[in-house]
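Protein chains in written order, with our numbering: chain W, 1 to 115; chain Z, 1001 to 1112.
Please note that the accuracy of each hint is not assured.
With a straight-line Cα cutoff of 30 angstroms, these simulated BS3-like cross-link-like pairs (lysine-lysine) come out [as the list claims (entries may be wrong)]:
1) Z/1099 / Z/1049
2) Z/1049 / Z/1111
3) Z/1071 / Z/1049
4) W/57 / Z/1049
5) Z/1099 / W/57
6) Z/1049 / Z/1061
From the derived model, a few chain Z residues whose C-beta atoms are all more than 12 angstroms from chain W [stated by the list, open to error]:
7) 1020
8) 1026
9) 1056
10) 1072
Note that these hints are calculated values from the structure, not bench results. In this text, a Cβ means the ideal position worked out from N, Cα and C, and glycines have one as well.
The chain contents come next:
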Amino acid sequence: IAGITQAPTSQILAAGRRMTLRCTQDMRHNAMYWYRQDLGLGLRLIHYSNTAGTTGKGEVPDGYSVSRANTDDFPLTLASAVPSQTSVYFCASSDSAGTGESPLHFGNGTRLTVT
Amino acid sequence: AQSVSQHNHHVILSEAASLELGCNYSYGGTVNLFWYVQYPGQHLQLLLKYFSGDPLVKGIKGFEAEFIKSKFSFNLRKPSVQWSDTAEYFCATRTNAGKSTFGDGTTLTVKP
Chain W
1 IAGITQAPTS QILAAGRRMT LRCTQDMRHN AMYWYRQDLG LGLRLIHYSN TAGTTGKGEV
61 PDGYSVSRAN TDDFPLTLAS AVPSQTSVYF CASSDSAGTG ESPLHFGNGT RLTVT
Chain Z
1001 AQSVSQHNHH VILSEAASLE LGCNYSYGGT VNLFWYVQYP GQHLQLLLKY FSGDPLVKGI
1061 KGFEAEFIKS KFSFNLRKPS VQWSDTAEYF CATRTNAGKS TFGDGTTLTV KP
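Next up, chain W with everything else stripped away, as it sits in the complex (with noise of 0.2 angstroms):
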């Protein structure tokens, strides 16, 4: 079934560890997104590739890092975690990030605990 694959499902780190939350999409979409979830604050937009080779930053960038090698994949990095990125993870790609009326398509979700 075509989609969006994340891992892990969940994960429970450390503060000051490095985590990387893996994202696939085999929908071949070319924008690929990373939010998160927080009660009372909706999603919010991390991180975002609008093509392959290219990355940007969202609304709260800050101790996350991405990379867009390939149309698949999009991977986010916690360089040193912190309990305030204590979320749920978003992976979303759509089929244009020119277009605006291409829906997101999202993962099921990383939901990640830092203590």
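Place chain Z on chain W using the hints.
This is chain Z only, laid out in the frame that chain W set:
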């Protein structure tokens, strides 16, 4: 800058009641409008979308939304809710440059 406001944070209804969730947006240019639904423990899924044409759009599971340009609104409606509609609902805009903005979400609880 875009913003999306969802006025109801938590709505509780009995089965068969009618639903209307408010969504207002602010943006000076052309926007495309979406409603997403997130069932408990699941990811967001597209419910319906509007970008042109008939301002009354129909989505999955009996949902519909009306775009009122003069009011900058895109309210979600359903004539008769079911217990299975219990979920969180997000209104979102997307510019033609591809920038998406989400509202804070409305949690709907339907009592059987």
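Structure-based check of all given hints:
1. Z/1099 / Z/1049: Holds - the C-alpha atoms of residue 1049 of chain Z and residue 1099 of chain Z are around 15 angstroms apart, at most 30 angstroms.
2. Z/1049 / Z/1111: holds (27 angstroms)
3. Z/1071 / Z/1049: holds (18 angstroms)
4. W/57 / Z/1049: Between residue 57 of chain W and residue 1049 of chain Z the Cα gap is close to 26 angstroms, so the pair holds against 30 angstroms.
5. Z/1099 / W/57: holds (12 angstroms)
6. Z/1049 / Z/1061: holds (14 angstroms)
7. 1020: The assertion about residue 1020 of chain Z holds, with a minimum of 20 angstroms to chain W.
8. 1026: Given that every Cβ of chain W is farther than 12 angstroms from that of residue 1026 of chain Z, nearest at about 15 angstroms, it holds.
9. 1056: Given that every Cβ of chain W is farther than 12 angstroms from that of residue 1056 of chain Z, nearest at about 18 angstroms, it holds.
10. 1072: Residue 1072 of chain Z is indeed farther than 12 angstroms from all Cβ atoms of chain W, at 16 angstroms.
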